[in-house]
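> Now for the letters of each chain:
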Amino acid sequence: MSNDDELHELLHAAGRLIQWALQPRKHPVAESEYRELLERYHDHPSFRDTVQAIADGLGLHIVKVSAFGMVLAPSEDSVFSVTPLNYRPSGSTDERLIDGLIQVAIISTIYPNAQDLEDDATLARPPITVDDVEATLQNICNQLEESVRRQPDPLIDDLEAGLYEAWRVYRDKAQAKTTEDGRASSATTQGMISRGLEFLEKQGCLTYASRGEPKQYRPTWRYQTLVQERSAQHIYTLVHSLLAAPLSEKEK
Amino acid sequence: MTTSEYPIRDVKLHSTEDNGSSFTGDKILPSIHDAVLMDNVWDRHLTHQTRVLLCVEPLLRVLRSDENRSEELEHYDSLALTLKLLDHIVTHSGLEHEADSDTAMRELLPLMEAMDQAASIEPDIERQMRMAKIVLGALRNDKEGLRPFKRIYTDFASGHAIKRELAVRLIEERYTARGDIVLHLSNEATNLLLNALAHDIEDEQAAAEAIVQSQLARGHLQDAISTARAARLYSSRLREKIERLLTSTRRDLSRVDWKQEVPRILSESLKHLESRCDVEHNIIKSAREKQDALTPGSEEAYYLTKLILIISDCRQCHMELQQQLMEAPQVFLDEQERQVFAIHRRLDLPDMLSDVLTPLLSMRRVVAAQALPIISASCFGVRAPNAFTLTQHLQRLLQPRREPRPETVPVAEWEPIAASNDQLRYTRDVYERTENYLNTLQRPVRLAYLLQQALEAGESELTLEVILFSVLRHFDPYDVDAPKFLTIKTDDEQFFISNFYGDNVLICDYAEERKDEQ
Chain F
1 MSNDDELHEL
11 LHAAGRLIQW
21 ALQPRKHPVA
31 ESEYRELLER
41 YHDHPSFRDT
51 VQAIADGLGL
61 HIVKVSAFGM
71 VLAPSEDSVF
81 SVTPLNYRPS
91 GSTDERLIDG
101 LIQVAIISTI
111 YPNAQDLEDD
121 ATLARPPITV
131 DDVEATLQNI
141 CNQLEESVRR
151 QPDPLIDDLE
161 AGLYEAWRVY
171 RDKAQAKTTE
181 DGRASSATTQ
191 GMISRGLEFL
201 EKQGCLTYAS
211 RGEPKQYRPT
221 WRYQTLVQER
231 SAQHIYTLVH
241 SLLAAPLSEK
251 EK
Chain Y
1 MTTSEYPIRD
11 VKLHSTEDNG
21 SSFTGDKILP
31 SIHDAVLMDN
41 VWDRHLTHQT
51 RVLLCVEPLL
61 RVLRSDENRS
71 EELEHYDSLA
81 LTLKLLDHIV
91 THSGLEHEAD
101 SDTAMRELLP
111 LMEAMDQAAS
121 IEPDIERQMR
131 MAKIVLGALR
141 NDKEGLRPFK
151 RIYTDFASGH
161 AIKRELAVRL
171 IEERYTARGD
181 IVLHLSNEAT
191 NLLLNALAHD
201 IEDEQAAAEA
211 IVQSQLARGH
221 LQDAISTARA
231 ARLYSSRLRE
241 KIERLLTSTR
251 RDLSRVDWKQ
261 EVPRILSESL
271 KHLESRCDVE
281 HNIIKSAREK
291 QDALTPGSEE
301 AYYLTKLILI
311 ISDCRQCHME
321 LQQQLMEAPQ
331 VFLDEQERQV
341 FAIHRRLDLP
351 DMLSDVLTPL
361 LSMRRVVAAQ
371 ALPIISASCF
381 GVRAPNAFTL
391 TQHLQRLLQP
401 RREPRPETVP
411 VAEWEPIAAS
421 NDQLRYTRDV
431 YERTENYLNT
441 LQRPVRLAYL
451 LQQALEAGES
461 ELTLEVILFS
471 VLRHFDPYDV
481 DAPKFLTIKT
491 DDEQFFISNF
501 YGDNVLICDY
511 AEERKDEQ
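Residue numbers (the numbering used here), protein chains in the order written: chain F, 1 to 252; chain Y, 1 to 518.
Fair warning: there could be bad hints in the mix.
Computed list of lysine to aspartate or glutamate pairs in EDC-like fashion (alpha-carbon distance at most 16 Å, straight line) [stated by the list, open to error]:
#1 LYS133/Y to ASP43/Y
#2 LYS241/Y to GLU145/F
#3 LYS241/Y to GLU146/F
#4 LYS133/Y to ASP100/Y
Because the hints were derived from the structure by calculation, they are not lab data.
Work out the full structure: start from the sequences and follow the hints.
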């Protein structure tokens, strides 16, 4: 095989590995090509470097590679990332904010302690329900509301300018409401949490532990790895950089 | 209370012609003390009770006068004679032979004879008649010329203590149709004698009923129930708070402040319990005692039963809280012993609840929204963007409609909203600039020339885009707007300018072209 052919084969294999990793429901156990490529990734540094270079070019971070598969995380501007607009094409800024809070709350519910993030990602975390996530958010909102109970109400000008706390946005949303045909409305916090969990299930981040009421969701190895190895720290760093930024800079 | 305690007094007299009491109000201007809102400490019932007691005062004065009587009359008990007199008058009231002064006094003679005998004194009718006259005169208020008895009392209104005067008669003389003068009791004296004084004051049941009725009438029972319910809710919240603290302690002792916060909460809970336990114990005890005295099935008994049930429930809640308080210190000690040798977490791992979610929720909305793109990218993982294929699209359109499964989340309808937050790609200014180029053509020009012109004029890439889109739009058969320019593809010439390339079509003014055709 000539050098060009080798290079072509290398790039092709690297591409194939990445495309397998982009399919979260595919497992090396069931796909021989995926399994072989993973072994090649472990055994051959040149192949590894090639895969990493292509992933970098596509705006993808390789979080972990193991016998369970390859876990990728998109950068913020990657075409492979799910943006708030992709998740909710028609919705207000407040609804997108609540979607974001719900995602962080899902992680917080699965990992209520910092120590939990140290656990082995192959250790299955307990399942969660919509009510669990709701309780996580409502508890914090209650505490924050309690802490400002004796302070004056927010100013109208601040409200119009959006200069009020995020917990008020969540608190203002109705928890539950039924539609005319008796279904639970999706325009409530419960509906939005349910939607978030279902989306993660479609992304291969969660699986159904139970489909009966209440529906239970269990994080997959892929999701646990993503959160423990990258997402938790990443979001934490971002939040604290926002907290540390001067007020005028934050509100630009 | 003497008037000297009130610096100014403005007396307003109000006289009455008919029988019955009346009272005048003395408005005392505010004293040097601050006005106190009396609504909470003075009930209108108390004013009524004060007036009732004042009606009895003349009777008691008769009794007190025994001490100052002459020696020969001091053995007579004037109170007994008073009651007999009143009873005689009311017994004959409205009948054929009503009581007059003579018959009323003579009615007292047997009593006085008995008192003479009891005192070992020789009965003397003259002495007895003198005594009877004294008693009758005292009840008629002969000293004041048969005018009403006037008694001053204190009332409270609008935050001020004011003096009022009660004018009351006990016995009055009235003319009959025959022209005789007979004795009548006033309404106050009649009610006193027949209602208040007629009760068996030692009757427990009557007393219990009266108390409960009074409390019901004033809303005190309902208040007791409402207060107990509020206390129960507070206990329940305290219990939940302590439950959370104990759970957090079991997870990680270092995350709970057992030096200040927890002892403060435990102390607060204990104080709350102490105050409520005493109050509720007394209420239940008192309520049970009253309940035993009441007739079963009566309205008062029903309210008391309800009160007992609610307060018992409150006590149960308090006991659960107390149980928790008793367990809390032991939990702390056990966890301290267990966790002291536990491996501590890496310092760089965040606590998602306290280090991430809580600060995010505390942030201002506009600041928190800045975190959304990274949160989405971090939480959702990767998603391969779907490429459109005609085959898939046709298949989707042709497949039969599937009813959603009951357990699936219904897809929300898209609601087009006017999102003022969204930035338009092309502003009005860009469109206006584009129109300058396309609507002011002097002669037919190539698209490349137009683009070059715009580029050299320093137009932005957005303007160039709009020029190109406008040209492309010309080929849209459904474009209903009247064209202002024409686009003609005459050959296969291509252009490459900046980041744009394509057919180098000819553009000319629409009106000019029409004129040429004609």
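> Which hints from the list above does the structure break, by number from lowest to highest?
Hint check: 1 fails alone, others pass.
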